[in-house]
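Asks: Protein chains in written order, with my numbering: chain A, 4 to 256; chain B, 139 to 192; chain C, 362 to 585.
What the hints contain is simulated information worked out from the structure, not anything from laboratory work.
One thing to keep in mind: the hints can contain errors.
[Said to hold, decoys possible] If you want the footprint, here are the derived chain A segments under chain B, 3+ residues with CB under 8 angstroms:
(1) 51-60
(2) 64-78
(3) 88-101
(4) 222-229
(5) 238-250
[Unchecked claim] Some, not all, of what chain B presents toward chain A, calculated at C-beta under 8 angstroms:
(6) GLY148
(7) TYR158
(8) GLY159
[Unchecked claim] Taking lysine-lysine and the DSSO-like style, the derived pairs with C-alpha atoms no more than 27 angstroms apart in a straight line are:
(9) LYS240/A x LYS177/B
(10) LYS223/A x LYS188/B
(11) LYS188/B x LYS255/A
(12) LYS255/A x LYS240/A
(13) LYS249/A x LYS581/C
(14) LYS188/B x LYS126/A
Small disclaimer: the values here were computed from a predicted structure and weren't measured.
C-beta atoms are modelled at their ideal positions from N, C-alpha and C, and glycine is treated no differently.
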Amino acid sequence: MSFIPAPLSRFFHRTASPPHFYALADKLVPWLTVLFLLLLIPGLYGGLVAAPADYQQGDSYRIIYIHVPAAWMSLFIYVLMAVMGGIALVWRMKLAEVMLISSAPIGAGFTFVALVTGSLWGKPMWGTWWVWDARLTSELILLFLYLGVTSLYGAIEDKRSAARAVSILALVGVVNIPIIHYSVEWWNTLHQGPTVSKMDKPSIHISMLIPLLLMAGAFKLYYAIAVLQSAKLELIKREPSAQWVKSLLENKA
Amino acid sequence: MTLESFFAMGGYAFYVWTSYGITFAVLLWNLFAPIVLRKQLLRQLALKQKRGQR
Amino acid sequence: MSLIQAFFAIVRRDLLLAFRRRAEMANPLFFFVLVVTLFPLAVGAQPNLLQAMAPGVIWVSALLAALLSLDGLFRSDFDDGSLEQLLLSPHPLSVLVLGKIFAHWLVTGLPLLLVAPLLALFLGLPGQAMPTLWVTLILATPLLSLIGAIGVALTVGLRRGGMILSLLVLPLYVPVLIFASGAVDRAASGLPVSAQINILLAMLLLALVLTPLPTAAALKMSVN
């Protein structure tokens with residue numbers, strides 16, 4: 004990693020060492036939680052109370068404030084996992100492996116939420132629980148990609164090898180996501196004809212947009228908090244007999 | 139706006155509140171499951187360490 | 362030994378091994394025909410329905426047959442240790458892996474072309490779709506082998522990797538399935554298919570260059 008200046012590289016390696024990272028996570032979580040609530044509460048208020056009902060969809064459109072941010076997060080986290088996978092493969096950085104594997108269940112959770120809320124929104128709008136709409140279909144395939152990552156990690160005994168395998172898989176998956184997305188889109192126009200789904204909104208009113216962005220920010224912060232909690236667990240699981248875990252136990256006792 | 143009409147969601151109460159309910163259930167689970175598991179793991183490790191010292 | 366020679370040595374060795382076990386070679390073919398046979402039994406024998414479903418049925422069956430045959434790609438080499446020898450060779454592993462995939466495709470993918478007319482007959486696929494079916498099979502079955510090889514390389518070290526392999530590989534097969542069956546579908550109704558064929562060709566070329574790298578990396582991980 005010669006192209007990274009030495010002090011920066013030293014900083015990364017120190018921060019990335021398990022005890023430092025564990026302590027840093029403990030320090031960060033309260034701040035992140037405060038920020039999260041500062042975005043979540045006005046976001047929920049704006050979305051559920053302040054924003055006017057949609058002239059076509061009535062109040063059912065309020066599902067957008069969780070559906071769309073969850074769908075954004077599902078893609079964002081997968082891309083982030085692939086970046087972590089790349090870092091883990093090139094620099095053999097343990098922390099990147101830990102963050103990758105801690106992100107997977109959270110990303111799968113968001114994907115699941117996007118699917119379920121999409122279905123719950125579709126029922127009053129389309130009249131059925133499930134439509135083979137391009138976006139729902141891509142989201143379903145994304146869920147399978149997430150499940151592939153978690154089950155592959157669970158299946159390989161040696162966790163160092165498992166992390167390498169999962170890093171490779173995440174990179175392969177991220178290359179495939181755009182291909183899958185466009186092929187599904189093409190397939191959808193072929194089979195569904197020009198029926199424009201009602202979720203396509205060319206423009207959105209500002210009073211509806213602000214809560215949406217607040218919720219998107221809140222979900223990002225939620226991810227940061229949840230992934231830190233999950234990473235703390237993973238770090239202890241990986242090296243339960245390390246010196247820093249022992250001193251952690253002594254401090255608690 | 140009354141509280142009642144807020145909960146009624148213009149007749150879409152079931153869809154809206156189920157969506158929000160499931161979302162928060164999933165998010166809370168993903169947040170608290172690792173915390174609970176970590177506490178358990180730390181307790182186990184502490185027990186092991188005590189036994190080791192004796 | 363030059364790289365080209367090494368590549369062909371691998372292909373020759375794998376073909377030789379495959380021909381020694383001729384009985385196993387026919388299994389994916391039987392499976393392919395069998396799955397296609399199940400559909401009329403399950404959905405009823407109305408010619409219209411079967412004809413409409415034919416491209417999809419043939420392609421889903423081809424995909425499952427390819428998936429099932431994947432396990433043999435590295436399994437025996439992993440078990441008898443020759444995979445480790447491959448890793449120790451001075452040549453780049455990705456090229457050698459490409460040789461193995463090529464040999465595997467010659468044995469399991471190419472024969473699907475032979476039974477395709479039979480299936481088209483079973484399902485009443487119009488004759489004008491036959492050439493397209495062949496072209497998509499020629500272009501897309503190697504694509505299935507190349508993508509699948511990544512999954513096999515990741516799971517070859519596992520005792521019960523079969524289920525996970527399908528979970529890993531099937532989502533990645535989605536674009537291939539969409540374009541291949543879409544092309545046959547369009548050909549059956551007399552529409553031009555050059556766009557789909559070109560996309561399949563582009564995906565094949567891309568996969569030829571890109572997939573051997575993660576496959577090689579995954580094999581190194583699995584063997585260690």
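Asks: Tell me if the straight-line CA distance from LYS249/A to LYS581/C falls inside 27 angstroms.
Replies: Violated, at roughly 34 angstroms.
Asks: Would the hint on TYR158/B be counted as holding, given a Cβ-Cβ threshold of 8 angstroms to chain A?
Replies: Holds - the Cβ of TYR158/B comes within 8 angstroms of chain A, reaching about 6 angstroms at its closest.
Asks: Within 27 angstroms, alpha carbon to alpha carbon, are LYS240/A and LYS177/B?
Replies: It holds: about 12 angstroms lies between the C-alpha atoms, which stays within 27 angstroms.
Asks: For a C-alpha distance cap of 27 angstroms, please report whether LYS255/A and LYS240/A respect it.
Replies: holds, 18 angstroms
Asks: Cut-off 8 angstroms, C-beta pairs, minimum 3 residues; does the coverage of the stretch 64-78 of chain A by chain B stand?
Replies: holds (count 5)
Asks: Sort out whether LYS188/B lies within 27 angstroms of LYS223/A, counting only the CA atoms.
Replies: Given pair LYS223/A, LYS188/B is violated - Cα atoms ~40 angstroms apart, limit 27 angstroms.
Asks: Please check whether GLY148/B passes as an interface residue: C-beta within 8 angstroms of a C-beta belonging to chain A.
Replies: holds, 4 angstroms
Asks: Quick one, are LYS188/B and LYS255/A close enough, alpha carbons at most 27 angstroms?
Replies: The given pair, whose Cα atoms are some 13 angstroms apart, holds under the 27 angstroms limit.
Asks: Per the CB criterion, is GLY159/B less than 8 angstroms away from chain A?
Replies: Violated - the Cβ of GLY159/B stays beyond 8 angstroms from chain A, reaching only about 10 angstroms at its closest.
Asks: For the stretch 88-101 of chain A, do three or more residues have a beta carbon lying closer than 8 angstroms to a beta carbon of chain B?
Replies: violated (count 0)
Asks: So is the stretch 222-229 of chain A in contact with chain B by the C-beta rule, three or more residues under 8 angstroms, or is the coverage claim wrong?
Replies: Answer holds; 3 residues pass the 8 angstroms Cβ test.
Asks: For the pair we were handed, LYS188/B and LYS126/A, check the Cα-Cα distance against 27 angstroms.
Replies: violated, 57 angstroms
The structure is inconsistent with the numbered hints 3, 8, 10, 13, 14, although it conforms to all the rest.
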